[in-house]
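Residue numbers (this note's numbering), protein chains in the order written: chain A, 1 to 289; chain B, 1001 to 1403.
For the record, the hints were derived by calculation from the structure and aren't laboratory data. All values derive from a computational prediction rather than experimental measurement. The beta carbon of each residue, even a glycine, is placed where N, CA and C say it ideally should be. Treat the hints with care, as some may be off.
[What the hints assert, rightly or not] SDA-like mimics (lysine to any residue), calculated; alpha carbons at most 25 Å apart, straight line:
(1) B:K1349 to B:E1147
(2) A:K260 to B:E1208
(3) A:K220 to B:A1092
(4) A:K220 to B:D1088
(5) B:K1225 to A:S128
(6) B:K1397 to B:E1354
(7) B:K1108 to B:N1073
(8) B:K1108 to B:T1076
(9) B:K1087 to A:L110
(10) B:K1257 to A:F130
(11) B:K1397 to B:S1196
(12) A:K260 to B:K1044
(13) B:K1257 to A:H139
(14) B:K1225 to A:H139
(15) A:K260 to B:Y1185
(16) B:K1177 to B:T1076
(17) A:K260 to B:D1088
(18) B:K1257 to A:L110
(19) A:K220 to B:N1073
(20) B:K1132 to B:Y1185
[As the list claims (entries may be wrong)] Per label pair, the in silico range of CB-to-CB distance:
(21) B:L1207 to A:A106: 54 to 62 Å
(22) B:A1394 to A:Q125: 37 to 45 Å
(23) B:R1337 to A:L261: 56 to 64 Å
(24) B:K1382 to A:L63: 29 to 37 Å
(25) B:L1207 to A:L261: 18 to 26 Å
(26) B:V1105 to A:L79: 43 to 51 Å
(27) B:G1203 to A:F264: 30 to 38 Å
(28) A:A106 to B:D1075: 29 to 37 Å
(29) B:L1207 to A:H119: 30 to 38 Å
(30) A:V59 to B:A1092: 39 to 47 Å
[Unchecked claim] Chain B side only, calculated, beta carbon under 7 Å to chain A, not exhaustive:
(31) A1056
(32) L1210
(33) A1245
(34) E1252
(35) G1254
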Amino acid sequence: MPTLVFDGIAYGMLLFILAVGLSVTLGLMNFINLAHGAFAMLGGYLTVAFTQRLGVPFVPAILLAFLATGLVGAVLERLLYRPMYQRSHLDQVLFSIGLVFMSVAATDWLVGSQQQNVHLPAWLQGRSEFGGGSLGMGHYRLFIIVVCALLVLGLQAILSKTRFGARLRASVDDARVAAGLGIDVNRVFSLTFAVGSGLAGLGGALGAEVLGLDPGFPLKFLVYFLIVVAVGGTSSVTGPLLAALLLGLADVGGKYFIPKLGAFIVYALIIALLLWRPNGLFSRGGSGR
Amino acid sequence: MWNAPRPIPAVSFVRGIPARRRLLAMAACLGLALPAMAQDNAFKIGLILPMTGPFASTGKQLEAGVRLYLAQNGDTVGGRKITLIVKDDTGAPDVTKRIAQELVVNDKVQVLAGFGLTPLAFASAPVATQSKTPLVVMAAATSTITEASPWIVRSSFTVPQVVTALADWATKNNIRKVVSLVTDYAPGIDSEKYFSQRFITNGGQVLETLRVPLRSPDFAPFLQKVRDAQPDALFTFVPAGVGTALMKQFAERGLDKAGIRVIAEGSVTDDDILNGMGDGVLGTVTAHHYSAAHDSAVNRRFVQAFMKANPGMRPNFMAVGGYDGMRVIHEAVKATRGAGGEALLAAMKGQIFESPRGPMFIDAQTRDVVHNIYIRRVERVKGELWNTEIETIADVKDPGKAR
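Let's have the full structure, built from the sequences with the hints guiding it.
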């Protein structure tokens, strides 16, 4: 049972890393970017390429994947996304889902449709058991939890404590006034988008081992990203974190206790949650809004 | 090759004289009458494969197998020149069916072949029946496919053949309790059903039958359940690519150290990707009809030629299905001097020959393949991972038909 909770937390943390970037772009920039998963996939493929083709060790490889995906995000933001900010949400959805399909086809064409394997270093393999085997912790899952915890603390600190965080929040609340105060709104958004994409890339890099990696990745996990953001709300970092943990625990628990219904439990839970609180668990201004 | 004049949509709808006249007129206009005549000499095979999408590797292997056979044995046989028309169905049944119809009606192919997945073969079966065109299934492995049309011949294998052999082997090797874990789709359910049936008949116990959704590849909760059930072995069938993740997590979770063995349907350790799966798969026991490590002169030649023609690719059971399927067609064309339809089908039935997989036979009654099933173990040989055959069960008929 403790093992199950541990697995659920690790899975939830992974979903959090994958989805937090989307929550940032959606919540702070009010832009619906369904192509978020494509950045995650890019991060995964880059990790595979770095570790296997270029022989980069695993940890530097995922950091590189984070930076490279962020860079690609910044370039695409400048070229493709910026003109879309002022458009309606429907336009944004159509535009970004189009990007998803293009990324799926492009990946298929470039590297083929087979599953990619990430080779982990020895110190991340294996697991430790505690309490006479009642709690087994896979080292890699433990690693995911640690990375995620650091990320949460870091993001929270940046958003609430730093000057950049203040500028970002100001730009989001009223871009025109913020610009009038001398904040370079475009640069703030561009940087935010890059970090959001980079986080997706990091999630993809970490997730390839657990979730598998093939060209269908952005579509396969799109639903999960959206659930995390919809349930967690977009006003804070902690909302999506709790939502992701809930999702992870429900998914793992459901599959363990009721395997026949396993894949369905999550969705039933989400429907119930959203009926109860249509604006998500932690929406700004409570459930009445 | 002269392409049928696609620009006239009427051709596909209006059958009979007017359309044919238009075709001829068109051909004459373009000064293509001569190639059109020469075409009569061609024996056309419509090869429908998933070349893009998630099953693209299946299509690639099949096509490579088919082309290798033609390259080795010549494309002119019985006075006819064999022409392949390769079409991509992306793995979607409605597309396969439409392509099969187009190939039969527009391109006038005499054989339909390929069919990477079970639903694709089922979707096309009515086309074969209505047009009396022999249809060679080179990949799909669900037992009942050959019963979908009297025109279907199979050169691949059937899931029940493989898993019942595995169940027998497990019983003999002191495996009494298993947990079955399969992907929740037709071949997975087929393998669960036939394995459990045979294993229980043999006196074994199936503690739990777990079905993993196709779209949820985190095996953690399922494997934890396996561990807690403490079986002697885990029986599994998952699509090839997913197998890697399963085996990794199996080892990561320490199931191997808990004394649980893995026995699997052979697609899990598919030769195409086996070498990239890492040491986690070492020792996995699988049952299948083909291993690229099969020890015979015919197979060594096949593997060598295949890898020369397709650098960086190791032939898997799909490639052999394509290779042998092409052999069946080739020989039938030779025997009938290119007559199509009924005569061709009759010449396909009952063929006995040595395939790279070992001896094989197309059963005249069922039109299904009869061949050896091998129990294999993943081993590292000369630095690469291979499925080493450790036991042979000779001449296995499809148990699905033996009812």
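Taking the hints in turn, this is what the structure says about them:
1. For the proposed pair B:K1349 and B:E1147, the alpha carbon gap of about 15 Å is at most 25 Å, so the pair holds.
2. Proximity of A:K260 to B:E1208 is assessed by CA-CA distance (about 11 Å); at most 25 Å being required, the pair is judged to hold.
3. Proximity of A:K220 to B:A1092 is assessed by CA-CA distance (about 18 Å); at most 25 Å being required, the pair is judged to hold.
4. For the proposed pair A:K220 and B:D1088, the alpha carbon gap of about 23 Å is at most 25 Å, so the pair holds.
5. Distance restraint check for B:K1225 and A:S128: the Cα-Cα separation of roughly 18 Å lies within the 25 Å cut-off, and the hinted pair is therefore satisfied.
6. For the hint linking B:K1397 to B:E1354, the alpha-carbon distance of about 16 Å falls within 25 Å, and the restraint holds.
7. Between B:K1108 and B:N1073 the alpha-carbon distance is near 24 Å, which keeps this suggested pair within the 25 Å criterion.
8. Proposed proximity of B:K1108 and B:T1076 is supported: the alpha carbons are some 18 Å apart, at most 25 Å.
9. Between the alpha carbons of B:K1087 and A:L110 the distance comes to roughly 21 Å, so the proposed pair stays at or under 25 Å and holds.
10. Between B:K1257 and A:F130 the CA atoms are separated by roughly 16 Å; this keeps the pair inside 25 Å, and the hint holds.
11. With a C-alpha separation of about 18 Å, the suggested pairing of B:K1397 with B:S1196 holds against the 25 Å cut-off.
12. Distance restraint check for A:K260 and B:K1044: the Cα-Cα separation of roughly 47 Å exceeds the 25 Å cut-off, and the hinted pair is therefore not satisfied.
13. Taken as a hint, the B:K1257 and A:H139 pair is honoured in the structure, with Cα atoms around 16 Å apart against an allowance of 25 Å.
14. Simply put, B:K1225 and A:H139 have alpha-carbon atoms about 19 Å apart, close enough for the 25 Å limit, and the pair holds.
15. Restraint check for A:K260 and B:Y1185: the C-alpha separation of about 13 Å stays at or below 25 Å, so the hint holds.
16. For the proposed pair B:K1177 and B:T1076, the alpha carbon gap of about 54 Å is over 25 Å, so the pair is violated.
17. Taken as a hint, the A:K260 and B:D1088 pair is broken in the structure, with Cα atoms around 35 Å apart against an allowance of 25 Å.
18. Between B:K1257 and A:L110 the CA atoms are separated by roughly 39 Å; this puts the pair beyond 25 Å, and the hint is violated.
19. For the proposed pair A:K220 and B:N1073, the alpha carbon gap of about 44 Å is over 25 Å, so the pair is violated.
20. For the hint pairing B:K1132 with B:Y1185, the CA-to-CA distance comes to about 30 Å; that exceeds 25 Å, so the pair is violated.
21. In this structure the hint that B:L1207 and A:A106 lie 54 to 62 Å apart at CB is violated, the actual value being about 45 Å.
22. Taking the beta carbon of each, B:A1394 and A:Q125 are about 40 Å apart, inside 37 to 45 Å as hinted.
23. Range check, B:R1337 to A:L261: about 59 Å between beta-carbon atoms, so the 56 to 64 Å window is met.
24. A hinted range of 29 to 37 Å for the beta carbons of B:K1382 and A:L63 is consistent with their spacing of about 36 Å.
25. Under the hint 18 to 26 Å, the C-beta atoms of B:L1207 and A:L261, about 19 Å apart, fit the expected range.
26. A hinted range of 43 to 51 Å for the beta carbons of B:V1105 and A:L79 is consistent with their spacing of about 46 Å.
27. Look at B:G1203 against A:F264: about 35 Å separates their beta carbons, and that is inside 30 to 38 Å.
28. One distance hint, 29 to 37 Å for the beta-carbon pair A:A106 and B:D1075, holds here, with the actual separation near 35 Å.
29. For the pair B:L1207 and A:H119, the supplied restraint of 30 to 38 Å holds, since their beta-carbon distance comes to about 33 Å.
30. Against the hinted window of 39 to 47 Å, the Cβ-Cβ separation of A:V59 and B:A1092 comes to about 41 Å, which satisfies the hint.
31. With a least beta-carbon distance of about 4 Å to chain A, the hint placing B:A1056 at the interface is held under the 7 Å criterion.
32. At about 5 Å, the closest approach between the beta carbon of B:L1210 and any beta carbon in chain A falls short of 7 Å, and the interface hint on this residue holds.
33. About 5 Å separates the beta-carbon of B:A1245 from the nearest beta-carbon of chain A, less than 7 Å, and the hint is met.
34. Interface hint at B:E1252: satisfied, since its Cβ lies 5 Å from the closest Cβ of chain A, which is below the 7 Å cut-off.
35. Given the 7 Å rule on beta carbons, the hint for B:G1254 holds: about 6 Å separates it from the nearest Cβ of chain A.
In this structure, the earlier hints numbered 12, 16, 17, 18, 19, 20, 21 are contradicted, and the remaining ones agree with it.
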